[in-house]
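If you read the sequences in order, they're chains S and Y. Under this note's numbering, the first residue of the first sequence is numbered 187, with each subsequent residue one higher. Under this note's numbering, the first residue of the second sequence is numbered 187, with each subsequent residue one higher.
In short, the hints are calculated from the structure, not lab data. Incorrect hints may appear among the rest.
Note that the list lumps identical chains together, so a pair holds whenever it fits in one copy or between two copies.
In the DSBU-like style, the derived pairs of lysine-lysine whose C-alpha atoms are separated by at most 30 Å in a straight line are [unchecked claim]:
#	residue 1	residue 2
1	Lys203	Lys350
2	Lys401	Lys282
3	Lys409	Lys571
4	Lys500	Lys355
2 protein chains.
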Amino acid sequence: MQDPLDRTLRAEVTRRKERYRRCLEESVLPFWLRHSVDRENGGYFCCLERDGTVFDTDKFMWLQGRGVWMLSKLYTSYRTEPAWRDYARAGVEFMKAHGRNPDGDWYFALDRTGRPLVEAYNIFSDCFAAAGMAEYSRAAGDEEARQIAVSTYRRIQERKTNPKGRFTKQIAANRPIKAMAFPMIQVWLAREMGDLVEPGVREAYLREAIDQVTKLHIDRGRKAVYERVYADGGHPDCMEGRLLTPGHALEVLWFILRAVESWPVDAHDSRYADRGAIIDLGTEAMLWTAEKGWDTAFGGLFYYLDADGRPPEKLEWDMKLWWVHAEALCAFLLAYKLTGRAVFWEWFRRIDDYVWARFDDPADGEWFGYLHRAGDPSTTQKGGKWKGCFHIPRALLTCIRFFEEIEAAHDGGRA
Amino acid sequence: MQDPLDRTLRAEVTRRKERYRRCLEESVLPFWLRHSVDRENGGYFCCLERDGTVFDTDKFMWLQGRGVWMLSKLYTSYRTEPAWRDYARAGVEFMKAHGRNPDGDWYFALDRTGRPLVEAYNIFSDCFAAAGMAEYSRAAGDEEARQIAVSTYRRIQERKTNPKGRFTKQIAANRPIKAMAFPMIQVWLAREMGDLVEPGVREAYLREAIDQVTKLHIDRGRKAVYERVYADGGHPDCMEGRLLTPGHALEVLWFILRAVESWPVDAHDSRYADRGAIIDLGTEAMLWTAEKGWDTAFGGLFYYLDADGRPPEKLEWDMKLWWVHAEALCAFLLAYKLTGRAVFWEWFRRIDDYVWARFDDPADGEWFGYLHRAGDPSTTQKGGKWKGCFHIPRALLTCIRFFEEIEAAHDGGRA
Numbered sequence: 187m188q189d190p191l192d193r194t195l196r197a198e199v200t201r202r203k204e205r206y207r208r209c210l211e212e213s214v215l216p217f218w219l220r221h222s223v224d225r226e227n228g229g230y231f232c233c234l235e236r237d238g239t240v241f242d243t244d245k246f247m248w249l250q251g252r253g254v255w256m257l258s259k260l261y262t263s264y265r266t267e268p269a270w271r272d273y274a275r276a277g278v279e280f281m282k283a284h285g286r287n288p289d290g291d292w293y294f295a296l297d298r299t300g301r302p303l304v305e306a307y308n309i310f311s312d313c314f315a316a317a318g319m320a321e322y323s324r325a326a327g328d329e330e331a332r333q334i335a336v337s338t339y340r341r342i343q344e345r346k347t348n349p350k351g352r353f354t355k356q357i358a359a360n361r362p363i364k365a366m367a368f369p370m371i372q373v374w375l376a377r378e379m380g381d382l383v384e385p386g387v388r389e390a391y392l393r394e395a396i397d398q399v400t401k402l403h404i405d406r407g408r409k410a411v412y413e414r415v416y417a418d419g420g421h422p423d424c425m426e427g428r429l430l431t432p433g434h435a436l437e438v439l440w441f442i443l444r445a446v447e448s449w450p451v452d453a454h455d456s457r458y459a460d461r462g463a464i465i466d467l468g469t470e471a472m473l474w475t476a477e478k479g480w481d482t483a484f485g486g487l488f489y490y491l492d493a494d495g496r497p498p499e500k501l502e503w504d505m506k507l508w509w510v511h512a513e514a515l516c517a518f519l520l521a522y523k524l525t526g527r528a529v530f531w532e533w534f535r536r537i538d539d540y541v542w543a544r545f546d547d548p549a550d551g552e553w554f555g556y557l558h559r560a561g562d563p564s565t566t567q568k569g570g571k572w573k574g575c576f577h578i579p580r581a582l583l584t585c586i587r588f589f590e591e592i593e594a595a596h597d598g599g600r601a
Numbered sequence: 187m188q189d190p191l192d193r194t195l196r197a198e199v200t201r202r203k204e205r206y207r208r209c210l211e212e213s214v215l216p217f218w219l220r221h222s223v224d225r226e227n228g229g230y231f232c233c234l235e236r237d238g239t240v241f242d243t244d245k246f247m248w249l250q251g252r253g254v255w256m257l258s259k260l261y262t263s264y265r266t267e268p269a270w271r272d273y274a275r276a277g278v279e280f281m282k283a284h285g286r287n288p289d290g291d292w293y294f295a296l297d298r299t300g301r302p303l304v305e306a307y308n309i310f311s312d313c314f315a316a317a318g319m320a321e322y323s324r325a326a327g328d329e330e331a332r333q334i335a336v337s338t339y340r341r342i343q344e345r346k347t348n349p350k351g352r353f354t355k356q357i358a359a360n361r362p363i364k365a366m367a368f369p370m371i372q373v374w375l376a377r378e379m380g381d382l383v384e385p386g387v388r389e390a391y392l393r394e395a396i397d398q399v400t401k402l403h404i405d406r407g408r409k410a411v412y413e414r415v416y417a418d419g420g421h422p423d424c425m426e427g428r429l430l431t432p433g434h435a436l437e438v439l440w441f442i443l444r445a446v447e448s449w450p451v452d453a454h455d456s457r458y459a460d461r462g463a464i465i466d467l468g469t470e471a472m473l474w475t476a477e478k479g480w481d482t483a484f485g486g487l488f489y490y491l492d493a494d495g496r497p498p499e500k501l502e503w504d505m506k507l508w509w510v511h512a513e514a515l516c517a518f519l520l521a522y523k524l525t526g527r528a529v530f531w532e533w534f535r536r537i538d539d540y541v542w543a544r545f546d547d548p549a550d551g552e553w554f555g556y557l558h559r560a561g562d563p564s565t566t567q568k569g570g571k572w573k574g575c576f577h578i579p580r581a582l583l584t585c586i587r588f589f590e591e592i593e594a595a596h597d598g599g600r601a
């Protein structure tokens, strides 16, 4: 299925892989392990200056769940390093003790001691908690974590049609739109829950989410992945209806491709035809996204765009964010692995070159998070309310796997 | 009370005043009158591109109320131009027909035909509606508008301790902070309601709001105006507790100084000592704000800052916004008028020079709204979800009045 890699490209894959491994092990993980654990109260500090100094001790629950997931995943899939499991445990114990409200839903933010500061209005807190507890249960054989993962996943499915409950401000009856964020996380989460959920149930949720993205959000005619659409795939002619978020689009696309890649390559399997069609569509949609999203003047991918070139609503629309580029690395490397097409390798290289030139901070470790359009840091912080130990190590780990799979296919092809 | 203006400065005041008058009458008002009225459904389009093209037809209620207020105020205080009253009427009729929920609270957003899109979660919608209806009732002798203004003002006072009601996400018991936004608007609104509210009631609300700002938000020791503080004026050591918003600080300070300026200069009046003390404190706080807020590298005032120089939470922290600079013009010109101190005239001139060089758009009228740190437009839009016919014409009108008062004091001093 792959084009054979020539010797030069084979060497380049290995050289780049080695850089990812070094960045993960020598820069990113040491930064978080050294600076983010609250050794007094448990849990993680997320708001870290360039050198790791804590500038706000509040504990944002997205980042607690994500940190637990990340280090548990490294432990289960990369190396059984006890310090990584200990890091995960610090988050798990804090989350178990303080994270949930009386309904079992996860608060959005706590103070450093665990007192809730922001209500459980945000279902993504629950999604990251479920994924974190699931992976930790595998890393540590923790039965309570497993049960929390399962019950949280069940609550997510109960809440998903009305995720914000009483906090909902939008009057959906008058503009019934569907947003891409939840199906995106649903695709990821179905795979992360894995054996903790009955396969038929998990596959049904996965398939429903993939269908929403591929049939509604991806618009073949307009060659764009829309963040919010009508239930028939139509586009409300307003700012939210024209919103493109290149980072989200690339993230959901690689989640979907990684999921369907594992479907059987077997003409007798009912998913066989879909597998090829979704890979074709998903990789094409990555190209549309990169072509619209790339800043030809300064390099890097924009954060937000208006599909029709109208003024974007978000003030930060032209900033360059770490997570957008981390997701883009995963997307294009996977697309290259699946198709062997040079255009995807070229996009991967373009993003990769930008990342090491602009985001990486070899002096203090980790990447900067927020660059101005021209590529200089807007602030030098390494962590904040939305940036923790997650997108970068996930992208590094994921790309290392993809590099290995590319190498294996090449070596297998030559054998 | 004023330093006598020398002849050169007297001429400069008049020359600058003339520029404000021309901008108001020949650039700003024509832009909104031409492009923002929905002649089919009533109400105002707010999302306008550089040349006035509508790019989103949703009707954001802050901007409906603000537009009504602005044109009514021009009609009642600047010139009885029938077209201005007609503009205000287009907003009033739309608001009367569609703006309120069954409790009488104002929605946040409607579609172009008046169907509600976003619930009445935001009390500032009500504040702008009350001010708009109050001034329109004076412009047009509209009794229904007067009643709506009065009942809305009453509801605001009922809701003010829990303004977001069921939509409140913050768990105040665990971090009981007071925000400056509501007292700021309360100071403005008390004066705008004027004779529609019993003077004792109005003065009590005004005084309570002034006290909160001067005793809690203005920190003399740290020489800063804090956006959010504890009830004793203490500072939570977290991002929200260290937040400075120079535009808000300057806006509330000029609101307060304009209110206390009208208190009797009479040693027998109970407010006499406070009057002088508040003018001294408020003008000093303007200087602290300008010194911290001015971008010495590129000019202009920052949008957000962290009081301790930590990384600001908001991505757009270093952008230069139209309203921040509009409020700064009013603040420094009023401070100069009240004190005669050259430092305030210098700050006024510095902001004024920046505004005409960077925000003003003589080609298509109005000002740009959103500049990058370096002063180039981030988008060329003239209106959006938060920018309408309000801050700029209000600042122009207000500064024209202040210029006139400075001229009158000078000419009176010489007579």
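Structure-based check of all given hints:
1. Proximity of Lys203 and Lys350 under a CA criterion of 30 Å is satisfied in neither setting, with 41 Å inside one chain copy and 51 Å between copies.
2. In this homomeric assembly, Lys401 and Lys282 never come within 30 Å of each other (Cα to Cα): the closest approach is 38 Å inside a single copy and 41 Å across copies.
3. For the identical chains of this complex, Lys409 and Lys571 are inter-copy neighbours only, at 27 Å across copies versus 33 Å inside a copy, given an alpha-carbon limit of 30 Å.
4. Taking the shortest Cα distances, Lys500 and Lys355 sit within 30 Å of each other both inside one copy (19 Å) and across copies (22 Å).
Against the hints set out earlier in the document, violations occur for numbers 1, 2.
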